[in-house]
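J.: So the chains spell out like this:
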Amino acid sequence: SQQGEEDPQALSIQEGENATMNCSYKTSINNLQWYRQNSGRGLVHLILIRSNEREKHSGRLRVTLDTSKKSSSLLITASRAADTASYFCATDEYSGNTPLVFGKGTRLSVIA
Amino acid sequence: DTEVTQTPKHLVMGMTNKKSLKCEQHMGHRAMYWYKQKAKKPPELMFVYSYEKLSINESVPSRFSPECPNSSLLNLHLHALQPEDSALYLCASSQPDGTVDDGYTFGSGTRLTVV
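From first to last, the protein sequence lines stand for chains A and B.
Position in the first sequence (first residue = 1) + 145 = my numbering.
Position in the second sequence (first residue = 1) + 1 = my numbering.
Everything labelled a hint here was simulated from the structure, so no lab data went into it.
Among these hints, one or two may not hold up.
[Claimed, not checked] Quick list of in silico lysine to any residue cross-link-like pairs, SDA-like style, CA-CA up to 25 Å: (1) A:K201 x B:P97; (2) B:K41 x A:S196; (3) B:K41 x A:N197; (4) B:K23 x A:E150; (5) A:K249 x B:S109; (6) A:K171 x B:K23; (7) B:K41 x A:S254; (8) A:K171 x B:D103; (9) B:K42 x A:R186; (10) B:K42 x A:I256; (11) A:K201 x B:D103; (12) B:K41 x B:Y52; (13) B:K23 x A:S169; (14) B:K39 x A:S184; (15) A:K201 x B:T106; (16) A:K171 x B:N71; (17) B:K42 x A:N197; (18) A:K215 x A:S184; (19) B:K42 x A:Q154; (20) B:K41 x A:S169; (21) A:K249 x B:C69.
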């Protein structure tokens, strides 16, 4: 079953602009993670935010988590053409040691 | 070594064939996963191994048979597949309790085509 739902499904921006992707989920979680996938390749872990955290930064990435709204956002600042990829949020349910369930993903295109 | 290695990268098989996908990691991770991903869709969980024991089978058809020979290796045996099983098969590993900040490490996947 899918836990996370991202929006928008697709996003096209110019190089240098910021990209914001949103994720909503349904159940209580231990943590929320964001992954990047280049076309037809494996997923790369970007950042993990725990349920008791509200914001986290890593380089050009900023993630927020609002557990009351069951939502998260990923902001990529000063985007580059190399950021073109699909981005997925993933959650594990609070009820136990459950594996990650991925949202539908956002396809980001950064135009040089 | 911080990688998950999957072989082969591409596989074409007939519906009567038997083949195996292999996955290897040397990061000391004790949880390993198989995910299936169709085009433009998110990865969908198939199996989870924790400490070399199958802990989750997401109602996967028996034509897919996982095996975990040791803590570093994970196999997926394929037999009598259908064309709709064509997909990217992803292996991943992690610490079992998922509390570390580096999440799952994924391999590059095996692109499977069933003809």
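J.: Taking the hints in turn, state whether each one holds.
T.: Taking the hints in turn, this is what the structure says about them:
{"no.": "1", "hint": "A:K201 x B:P97", "in the structure": "holds, 23 Å"}
{"no.": "2", "hint": "B:K41 x A:S196", "in the structure": "violated, 28 Å"}
{"no.": "3", "hint": "B:K41 x A:N197", "in the structure": "violated, 32 Å"}
{"no.": "4", "hint": "B:K23 x A:E150", "in the structure": "violated, 31 Å"}
{"no.": "5", "hint": "A:K249 x B:S109", "in the structure": "holds, 19 Å"}
{"no.": "6", "hint": "A:K171 x B:K23", "in the structure": "violated, 34 Å"}
{"no.": "7", "hint": "B:K41 x A:S254", "in the structure": "holds, 14 Å"}
{"no.": "8", "hint": "A:K171 x B:D103", "in the structure": "holds, 23 Å"}
{"no.": "9", "hint": "B:K42 x A:R186", "in the structure": "holds, 13 Å"}
{"no.": "10", "hint": "B:K42 x A:I256", "in the structure": "holds, 23 Å"}
{"no.": "11", "hint": "A:K201 x B:D103", "in the structure": "holds, 14 Å"}
{"no.": "12", "hint": "B:K41 x B:Y52", "in the structure": "violated, 32 Å"}
{"no.": "13", "hint": "B:K23 x A:S169", "in the structure": "violated, 34 Å"}
{"no.": "14", "hint": "B:K39 x A:S184", "in the structure": "holds, 12 Å"}
{"no.": "15", "hint": "A:K201 x B:T106", "in the structure": "holds, 20 Å"}
{"no.": "16", "hint": "A:K171 x B:N71", "in the structure": "violated, 35 Å"}
{"no.": "17", "hint": "B:K42 x A:N197", "in the structure": "violated, 29 Å"}
{"no.": "18", "hint": "A:K215 x A:S184", "in the structure": "violated, 28 Å"}
{"no.": "19", "hint": "B:K42 x A:Q154", "in the structure": "holds, 11 Å"}
{"no.": "20", "hint": "B:K41 x A:S169", "in the structure": "holds, 19 Å"}
{"no.": "21", "hint": "A:K249 x B:C69", "in the structure": "violated, 29 Å"}
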